[in-house]
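So the protein lines, in turn, are chains A and B.
For the first sequence, the working numbering gives the first residue as 1, with consecutive numbering after it.
For the second sequence, the working numbering gives the first residue as 256, with consecutive numbering after it.
Fair warning: there could be bad hints in the mix.
What follows is a list of derived Cβ distance ranges for each label pair [to be verified]:
no., chain 1, residue 1, chain 2, residue 2, range
1, B, R267, A, V231, 40 to 50 Å
2, B, E305, A, V120, 40 to 50 Å
3, A, G177, B, L281, 39 to 49 Å
4, A, R196, B, L281, 56 to 66 Å
Computed, partial: chain B to chain A, Cβ under 10 Å [as the list claims (entries may be wrong)]:
no., residue
5, R566
6, R571
7, R577
8, D580
9, K618
FYI, nobody ran anything at the bench for these hints, they're computed from the structure.
All C-beta atoms, glycine included, are put in the ideal place defined by N, C-alpha and C.
Spelled out, the chains give:
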Amino acid sequence: MDTQPVIKLENFSKTYVTGEVEVHAVRGVSLAIMPGEFVAIMGASGSGKSTMMNTIGCLDRPTSGRYLLDGVDVGELDRDELAELRNHKIGFVFQGFNLLSRTSALENVELPLLYSRNRVGSRHQRERALKSLELVGLGTRAEHHPNQLSGGQQQRVAIARALVNGPKVLVADEPTGNLDSLTSVEIMGIFQELNRQGMTVVMVTHELDIARYTQRNVVMRDGRIVSDQRVPNRLEAAAELEKIKREQQAVQLAP
Amino acid sequence: MILLATLRIAGRALRRNKLRTLLTMLGIIIGVGAVIAMVSIGNGAKAQVEAQIAQLGQNVILILSGNVSRGGFHMGFGNAGTLTHEDYEAIRREVSGLTGISPEVRTMAQVAAGNENNNTQIMGVGTDYINIRSWPLADGVNFSEQDVRTANKVAILGKTTATTLFGEDDPVGKVVRIKSAPFIVVGLLASKGMSMMGMDQDDVVFVPYTSAMKRLTGGTVFRSFNAQAASPELVPDVQNQITELLRQRHRIGEGKDDDFLVRTQQEISEMATSTSRVMTVLLGSVAGVSLIVGGIGIMNIMLVSVTERTREIGVRLAVGARSRDILLQFLIEAVTLSLAGGIIGIGLGILSSRLLSIQMGWKTLVSVESIVIAFAFSAAIGVFFGFYPARKAALLDPIDALRYE
Chain A
1 MDTQPVIKLE
11 NFSKTYVTGE
21 VEVHAVRGVS
31 LAIMPGEFVA
41 IMGASGSGKS
51 TMMNTIGCLD
61 RPTSGRYLLD
71 GVDVGELDRD
81 ELAELRNHKI
91 GFVFQGFNLL
101 SRTSALENVE
111 LPLLYSRNRV
121 GSRHQRERAL
131 KSLELVGLGT
141 RAEHHPNQLS
151 GGQQQRVAIA
161 RALVNGPKVL
171 VADEPTGNLD
181 SLTSVEIMGI
191 FQELNRQGMT
201 VVMVTHELDI
211 ARYTQRNVVM
221 RDGRIVSDQR
231 VPNRLEAAAE
241 LEKIKREQQA
251 VQLAP
Chain B
256 MILLATLRIA
266 GRALRRNKLR
276 TLLTMLGIII
286 GVGAVIAMVS
296 IGNGAKAQVE
306 AQIAQLGQNV
316 ILILSGNVSR
326 GGFHMGFGNA
336 GTLTHEDYEA
346 IRREVSGLTG
356 ISPEVRTMAQ
366 VAAGNENNNT
376 QIMGVGTDYI
386 NIRSWPLADG
396 VNFSEQDVRT
406 ANKVAILGKT
416 TATTLFGEDD
426 PVGKVVRIKS
436 APFIVVGLLA
446 SKGMSMMGMD
456 QDDVVFVPYT
466 SAMKRLTGGT
476 VFRSFNAQAA
486 SPELVPDVQN
496 QITELLRQRH
506 RIGEGKDDDF
516 LVRTQQEISE
526 MATSTSRVMT
536 VLLGSVAGVS
546 LIVGGIGIMN
556 IMLVSVTERT
566 REIGVRLAVG
576 ARSRDILLQF
586 LIEAVTLSLA
596 GGIIGIGLGI
606 LSSRLLSIQM
616 GWKTLVSVES
626 IVIAFAFSAA
636 IGVFFGFYPA
646 RKAALLDPID
656 ALRYE
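Isolated chain B (complex conformation):
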C-alpha cells in the first residue's frame, strides 16, 4: 500500500533532475543495448548454422574414410580412400535401421551443352542420395538401380548448372557432355541455396557413382558415404553398428584407431553451434561488463543523492518513517533508474540489431529470452547497486540527519 506512494516519490525525485537521471541511466542503456545486440548477432549466426546443417537432411550419418597418419601426423578424415565398394554393400546389407545409404564421389569437371560450358562440381552418388539429403526433384526422375549397376550415362542437374547451360529451357531429356562423355539429363533438382561456406549448392551435377568412377575419376575407393537412419532414436544404434562392422571388415584390433569416422548430424551440428555459442558468450560478456559499469554509475549517483537529501531523510524519519520506508524509497529509486534504462536499452538493442542486419547483412536474432534476461538483470543491478546507498540512508540517525547542512 505504501508502495504506490513510494513509487510516486521516487518518480518525482528522478524527474527533478532530468539530465542527471538520463546520464545515470546511460550506462545501463548502453550495457543492455549492447548485450541485446551482441547476443542477437551470436544467435543469428547460430540459427544460420543450424539451418544449414538441417539442409543436410534428417537423421543423417556421415561415414568418412581414413584418418591416415604419416609419421605420426594425422592427415585428417577423408584423405585416405579406405572405404570400398564392398564396405558399402556390407553396410547396406547388414546394418538394420537404415532407410538409405549412398556413396559420394566428388570431382570438378567441365560440363558442356551446346555452346555453353561450365566448370562444375560432379557428384557420383547412389539412388538414395537425394532422399537422404531431402533434396527434391523439380522435374524429371531420379536415376535407377539399373543405371547405377550398369554405370549408365545419366545425370541430374542442379538449378544453377541447368540455368547456365540451358537458360530457361527444360533440360530434361537433353544431353550434357561431362569431360566429353555425353550424359542424358533425367532430372532437375530443386534449388537449395548457399551452403555453410557460402558456396552455391545448386551448381552441381549428380551422376551414378559407378559412372563417375568409371568415366570421370577412375578411382576405386570412396571418400565418404551418406547414410540415413529411420528415426532420430535409431541414429546412435546405427552409428554403432556401422562402426563395428567397419572395424571388423578393416581388421582393426582392440585399442587401435579407426581408419574411418562415423559422424552423426547431431554431432556435426553440435560442433558447429558450439563455435557460435562461444562467440555469443564472448560478445555477451564483453557487453555485460558495461552493464556492471552502468550499475556502478547508479550506485555513485545514489550515494550523492543520499548525501544531498540527508535533511529530507531526517524530516521523513522525524515524522515517523521507519528505516525500511527510507530503504524502500531509495531502493525503488535505484531500481526505477536501472529498469527505465533497461527498457530503453532493450529498444536500442533491438534497433541496433536491425540496423546491423540491414547495413552489414548479418543475420541477427533478438530472442525473447535475451530481452527477459536483460530486463531481469537490469532490475537486479538496481537492487544490488542501489542497496548500499539505500541502506546508508535508512541507517541515518534522525538527529544527525536533521542537523545536516
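Only chain A is shown next, with the shape it has when bound in the complex:
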C-alpha cells in the first residue's frame, strides 16, 4: 500500500480564460508524493504554485492531464463529490487562518465534522474536536474566540480543524505568511511532529528558510517544475526554537 503515491499528478495543466486571454497557469506537470512525505512547493508569484495547491486540495480540477488523490481521479468528480473529498481526505491550512469569527475555537474545529457524510453525534463531535485541539496544544483554549487568540494560536486552531476528520493529506497555503519568525518555527514544529506521526504534508511557501523544515522542495517557475530535490540539511524546529530563544535572551541581556 505504501508504495502507492497519495498524490499523483500526470501531465497536469491548468488554463484560465480571462476575457479573451488564455493564461497557462500550469503547463504539463507530473509529480508524485508518497504517503508520509513533507513537501514544500516553492516559487515566485505567478509560478503556478497556488494553482498546484488548489488542485491538490481538490478546490479545482485539471484542464488536462490527471490528478489522482489516494487513487481517485479527481478530474471526473462533480462539485459535490469534490466537496466530499475535501471533507474526508484533505485538511486545509491557510495563510490568513480563515477561522469563523465570533465562534469558539472548539466550534471552528468541529466545522468539518458538520459537513461530514458519516456524521457522528454532537457529543462525539466535541470529543473529537477537543482531541484535535489538544494535539496542537490548545486543549485549554477550546472556548476562546479567534479574537482572543494570538496569530500562532489561531493558526494552531486552523491546524486542529484540518486534522479533525483524519485526512490523508494536510495542505497548507503559506501557513507562516502572517506570523512572526518565532511563531513560524513553532508552527513548522507542529507540522514536523504530525509528519513524524505519518501525516503527509504539502505546503506552499515562498520563504526559503521555512522550506528547509520540509523533506523535499519542489520549485516552480512559469507553470513548470524547475527543480525537485531532497532537502540536504533539514532544520529541526525544536532545535531552531531553542536557538531563537537563546538569541532573544542574549539580545535582551546585551544592553
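For chain A, the structure is supplied; the task is to place chain B on it using the hints.
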C-alpha cells in the same frame, strides 16, 4: 440531521446583528400585522352583517311589490303597490312547503298611553309574522286569525316602545292610542336589538294588517310579504312556486319583466356579505403589498449578508460543505427571519385588532384561517426572497470565495 446544526448557525448569524435583524423583520412584522388586523376588520363586519340577516328569521322569503318603470327608469322594488290581498290569499292557499306567510304594512304614527307618547313604527302584519321572524313574545299572546279577519284593535308592543310608554309596568291588557284610535295591548315582544342600519328594532308596534290598512294607512295594496319555507331545501322550490303564481295572477307574458321580486334570505345575505367580502379583499391586498415590500427587504439584507460572509462561505466550502449545505444555511436564515417576523406580526395584528375594537368600537374577528395563512405566507416569502441570495452563496467558487477581501 444537519438541519439542527444549520438552524443553530442561522440563529447565531441573526443574533450577531440584532439591530439589523430587527429592522429586516420590521417589514414582515408590519405586513403580517396589517394583514391580520385588516382582515379581522373585514371579517368582523361580515360577521355582523350575517348575524343581522339571521335575525330576519330562518328560510325566509321576501316578496316585494312592483318594480315599476316610468319612462324607462326603474323605480326600485317595493314602490308600486302591486301585491294585493288576493295575491296573499292565493299564495297562502296554493304554494306548498310554506310554514307561514304574512303581509307587511308599515307606517309611522304617534302612539300614546297616558301622558306619554312617541312617534313609532307601526307594522301591520299577519299572525305568522312573529314566527317567521323568530321573534318570541316576552309576555302576553299573539293576536288571532279572528283579530285579523275582523280588523280588531289589538297591538303587540316592542320592548322600547313599551318602556317609553309604560316604564317598568306590564303593558299587557292596557290601552294605547295609535293616531287616536285605542288599541288593546295583547303582547310584548322580546328585545331584538339594533338592525343592520343601526335602527332600534324594538321601537315598534305590531297590529293586524287589516287594522293597519283600515284605520291607519287607508291603503288596499301591500308593499311586501314575508314568507317562510319549511326547510332550507324547500326554499328554491317555494321561491319558484311563488314567482310562477304571481306571474300568472298578474298576467305577465313570456319574456316580460316581473312587477314583483321574490328574494330569499340566502340571496339577501349573499348580497350583503359580498360587499363586506370585497372590503376584506381590498384591505387585505393593500396590507399584502407591505408583506411583499418586507420580503424585498429580506432579500436585500440576505444579499448583503452573502457578500459580507463570502470568506466564511469559502471556508465552509473548503472544509467540505456542499452547495446544498450553503443553500440550506442561507435559506434557513431567510426563513427564520421571515417566520420570526411573521410570528411577531401575528401578535401585533391581534393586538391592534383588539385595540381597534376597543378604541373605535368596530367589531373585529381574528380568524384562525388568517393566522395560518399569514404564517404560511411569511414562510413562503422567506423561501421566495431568500432563494436568490442563498443560491448566489451556494454557487460561489470556493477559490474565489477564499480569496475574497
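> When the hints from earlier in the document are held up against this structure, which numbers fail?
Replying inline: Going through the list in order, the structure violates hints 2, 9 and respects the others.
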